[in-house]
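Novice: For reference, the chains in residue letters:
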Amino acid sequence: MSVDIDTVKRVARLARIKVSDQEAERMTGELNGILQFVEQLGEVDISGVEPMTSVVEQTMKKRQDKVTDGNKAGDIVANAPVSEDNFFVVPKVVE
Amino acid sequence: MTDLTRLTIAEAREKLRAREISSSELTGAFLDAIETANPHLNAYVKVTPEKAREMAKASDERLAKGEGGELEGIPLGIKDLFATEGVHTQACSHILDRFEPRYESTVTANLWADGAVMLGKLNMDEFAMGSSNETSYYGQVVNPWKKEGSNQALVPGGSSGGSAAAVAARLCMGATATDTGGSIRQPAAFTGTVGIKPTYGRCSRWGTVAFASSLDQAGPIAHTVRDSAILLKSMASVDPKDTTSVDRPVPNYEDAIGRSVKGLKIGIPSEYRVEGMPAAIDELWQRGIEWLKDAGAEIVELSLPHTKYALPAYYIVAPAEASSNLARYDGVRYGLRESGKDIIDMYENTRAAGFGDEVKRRVLIGTYVLSAGYYDAYYLKAQKVRTLIKRDFDIAWADGVDAILTPTTPDAAFAPGEITDPVTMYLNDVFTVTVNMAGLPGISVPAGLSESGLPLGLQLIGKPFEEETLFQLGQVIEDAAGRFQPQEWWAS
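So the sequences go chain by chain: Z and S. Going left to right, the first sequence walks through residues 3 to 97 as the numbering used here numbers them. Going left to right, the second sequence walks through residues 195 to 686 as the numbering used here numbers them.
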């Protein structure tokens with residue numbers, strides 16, 4: 003399989019990365035190089051093989067559903083580019 | 195007192211406990227060395243001298259009272275991927291500009307609890323995506339090693355290029371690093387240092403900036419096998435904050451050093467003999483086989499038939515997980531924000547400005563292989579191939595093999611700009627990536643020099659949670675090969 007420039011632009015949109023036409027064109031070539039490289043997996047017989055879900059045989063650890071941490075709104079917004087009264091501030095979303 | 199930087203962790207530990215030296219002297223010697231070398235090598239992206247002196251002073255006070263942990267007073271460098279409270283933590287990306295976490299990663303918290311001293315944060319490929327340290331927003335790291343008779347700068351490998359270079363150039367006693375496809379072992383091999391990636395689940399991932407969560411593991415880079423065992427003992431733990439952290443007590447790895455390897459069965463996988471491999475690598479491998487045989491190990495040929503599919507499967511699984519993990523960098527909660535006409539425009543501008551080319555490539559590949567209609571053909575298939583890769587190893591262990599010996603890298607360090615094709619760059623990890631795909635422990639030990647005088651490493655791969663066997667065997671290689679030191683050209 004290979005991608006064309008429109009697919010690259012569509013995927014970039016999905017990934018929320020702005021790309022110029024020139025960048026999209028360069029990336030089309032690079033991504034096709036990578037896709038061509040992974041194509042060799044087609045040679046592997048995977049019939050009846052289960053997909054890997056965990057490399058270590060261990061049952062998922064569970065914990066009690068209770069609060070163990072909190073009351074640190076100040077810490078949470080401390081690194082925000084813009085914040086106000088412990089809220090993250092973003093451009094207007096709804097009119 | 196520059197001689198202090200020549201000590202190993204094991205030696206410094208004795209001298210500190212005997213009060214022959216103080217941590218303040220030792221730390222001061224490293225801070226001086228960093229000041230001289232870092233403008234040439236760019237291994238540190240942030241040096242924290244005040245914090246280092248303060249921690250060293252506290253260590254000296256504890257040592258004076260006959261107290262102190264396993265690493266009391268030992269100065270270390272920390273890869274920029276580990277969250278360090280109030281200190282630069284940016285995974286060497288522009289998108290995490292000015293990020294100073296309000297919390298400490300479990301791995302670094304373990305080190306400080308054992309008395310270690312932080313010298314600063316180390317350079318790396320952006321978000322650990324790279325094999326040469328060329329993708330760092332903070333610029334390349336220069337390998338302390340140069341070819342014989344050449345002045346050309348070389349890469350230290352990656353992604354833990356700063357960690358490996360800092361250890362090799364004696365700008366710290368040891369360093370934390372992480373390994374998703376070879377990021378500890380490949381730079382260790384390129385710089386003549388020892389690097390171990392433990393079994394998946396051995397070190398907590400809590401507070402380590404995530405790249406590919408099912409593959410990422412922290413581990414140390416150090417001067418000697420013993421030093422790497424000392425560091426791993428402290429870094430590893432059982433952590434309720436990471437559900438993939440495994441409930442198993444951490445053994446005292448150092449006890450394995452010097453233990454006889456007599457009767458251990460060492461597998462030599464035929465699939466690692468790749469076409470076009472330099473003669474020096476093949477000779478090194480043969481020498482490694484002889485060394486282990488001389489020490490009493492039994493050598494057996496074995497086959498890991500799915501080896502060649504590990505790298506292509508990795509380049510589906512790792513970017514898929516990365517595209518998901520890196521979705522959090524959106525200009526809202528931390529780091530860079532580039533304004534836009536609306537919120538989506540702001541996201542797109544921020545991510546376009548904040549991520550470098552290699553990160554963008556991987557996020558796009560990951561988004562593509564996970565997108566509707568392609569999931570089964572790529573991601574699901576890659577995860578099935580991963581099962582087969584692990585099965586190859588399981589069969590070897592069931593046949594009684596105790597460890598596997600391979601070269602760490604297909605060649606020695608190269609020059610910056612020498613490899614521009616992404617897929618060619620990925621091939622650097624051809625011998626290391628299988629280990630991540632199967633979740634196994636792997637150690638790289640310096641074993642010799644290339645024809646042009648550059649360090650080369652041998653890799654030992656172990657059974658899950660049998661890091662001790664790797665330290666045991668690694669010591670045999672170190673004893674036979676000796677240790678390797680670059681010329682300190684930056685000091686003149």
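Hints are computed from structural coordinates only; laboratory data are not their basis. Glycine included, every Cβ here is placed at the ideal spot set by N, Cα and C. Check each hint, because a few of them may be wrong.
[Claimed, not checked] The calculated label-pair distances, taken between Cβ atoms and stated as ranges, are:
| hint | chain 1 | residue 1 | chain 2 | residue 2 | range |
| --- | --- | --- | --- | --- | --- |
| 1 | Z | Thr55 | S | Asp593 | 23 to 29 Å |
| 2 | S | Asp536 | Z | Met62 | 38 to 44 Å |
| 3 | Z | Ala80 | S | Tyr569 | 33 to 39 Å |
| 4 | S | Gly470 | Z | Val69 | 29 to 35 Å |
| 5 | S | Pro443 | Z | Glu52 | 49 to 55 Å |
| 6 | S | Lys535 | Z | Thr55 | 37 to 43 Å |
| 7 | Z | Thr55 | S | Gly457 | 34 to 40 Å |
| 8 | Z | Gly44 | S | Gly470 | 20 to 26 Å |
| 9 | S | Ala566 | Z | Pro53 | 15 to 21 Å |
| 10 | Z | Met3 | S | Gly594 | 39 to 45 Å |
| 11 | Z | Gly44 | S | Tyr297 | 17 to 23 Å |
| 12 | Z | Thr55 | S | Gly490 | 38 to 44 Å |
| 13 | S | Lys251 | Z | Met62 | 39 to 45 Å |
| 14 | S | Glu342 | Z | Gly72 | 33 to 39 Å |
[Claimed, not checked] Once the Cα atoms are required to be at most 27 Å apart in a straight line, the calculated DSS-like pairs of lysine-lysine come out as:
| hint | chain 1 | residue 1 | chain 2 | residue 2 |
| --- | --- | --- | --- | --- |
| 15 | S | Lys657 | S | Lys487 |
| 16 | Z | Lys94 | S | Lys535 |
| 17 | S | Lys578 | S | Lys502 |
| 18 | S | Lys435 | Z | Lys64 |
| 19 | S | Lys240 | S | Lys251 |
| 20 | S | Lys245 | S | Lys259 |
| 21 | S | Lys240 | S | Lys340 |
| 22 | Z | Lys94 | Z | Lys11 |
| 23 | S | Lys435 | Z | Lys63 |
| 24 | S | Lys657 | S | Lys435 |
| 25 | S | Lys657 | S | Lys502 |
| 26 | S | Lys459 | S | Lys502 |
| 27 | S | Lys487 | S | Lys456 |
| 28 | S | Lys584 | Z | Lys63 |
| 29 | S | Lys459 | S | Lys657 |
| 30 | S | Lys657 | S | Lys584 |
| 31 | S | Lys209 | S | Lys259 |
| 32 | Z | Lys20 | Z | Lys94 |
| 33 | Z | Lys74 | S | Lys209 |
| 34 | S | Lys535 | Z | Lys11 |
| 35 | S | Lys456 | S | Lys502 |
| 36 | S | Lys435 | S | Lys502 |
| 37 | S | Lys578 | Z | Lys63 |
| 38 | S | Lys209 | S | Lys251 |
| 39 | Z | Lys94 | Z | Lys74 |
| 40 | S | Lys657 | Z | Lys63 |
Novice: With reference to the structure, classify each hint as holding or not holding.
Specialist: Consistency of the hints with the structure:
no.	hint	result
1	Thr55(Z) x Asp593(S): 23 to 29 Å	25 Å, holds
2	Asp536(S) x Met62(Z): 38 to 44 Å	40 Å, holds
3	Ala80(Z) x Tyr569(S): 33 to 39 Å	37 Å, holds
4	Gly470(S) x Val69(Z): 29 to 35 Å	58 Å, violated
5	Pro443(S) x Glu52(Z): 49 to 55 Å	30 Å, violated
6	Lys535(S) x Thr55(Z): 37 to 43 Å	42 Å, holds
7	Thr55(Z) x Gly457(S): 34 to 40 Å	36 Å, holds
8	Gly44(Z) x Gly470(S): 20 to 26 Å	24 Å, holds
9	Ala566(S) x Pro53(Z): 15 to 21 Å	18 Å, holds
10	Met3(Z) x Gly594(S): 39 to 45 Å	42 Å, holds
11	Gly44(Z) x Tyr297(S): 17 to 23 Å	44 Å, violated
12	Thr55(Z) x Gly490(S): 38 to 44 Å	39 Å, holds
13	Lys251(S) x Met62(Z): 39 to 45 Å	44 Å, holds
14	Glu342(S) x Gly72(Z): 33 to 39 Å	59 Å, violated
15	Lys657(S) x Lys487(S)	20 Å, holds
16	Lys94(Z) x Lys535(S)	10 Å, holds
17	Lys578(S) x Lys502(S)	15 Å, holds
18	Lys435(S) x Lys64(Z)	11 Å, holds
19	Lys240(S) x Lys251(S)	21 Å, holds
20	Lys245(S) x Lys259(S)	22 Å, holds
21	Lys240(S) x Lys340(S)	25 Å, holds
22	Lys94(Z) x Lys11(Z)	25 Å, holds
23	Lys435(S) x Lys63(Z)	11 Å, holds
24	Lys657(S) x Lys435(S)	25 Å, holds
25	Lys657(S) x Lys502(S)	20 Å, holds
26	Lys459(S) x Lys502(S)	24 Å, holds
27	Lys487(S) x Lys456(S)	9 Å, holds
28	Lys584(S) x Lys63(Z)	23 Å, holds
29	Lys459(S) x Lys657(S)	12 Å, holds
30	Lys657(S) x Lys584(S)	11 Å, holds
31	Lys209(S) x Lys259(S)	15 Å, holds
32	Lys20(Z) x Lys94(Z)	20 Å, holds
33	Lys74(Z) x Lys209(S)	42 Å, violated
34	Lys535(S) x Lys11(Z)	19 Å, holds
35	Lys456(S) x Lys502(S)	31 Å, violated
36	Lys435(S) x Lys502(S)	35 Å, violated
37	Lys578(S) x Lys63(Z)	24 Å, holds
38	Lys209(S) x Lys251(S)	16 Å, holds
39	Lys94(Z) x Lys74(Z)	26 Å, holds
40	Lys657(S) x Lys63(Z)	23 Å, holds
Going down the numbered hints, you'll see the structure goes against 4, 5, 11, 14, 33, 35, 36, while the others check out.
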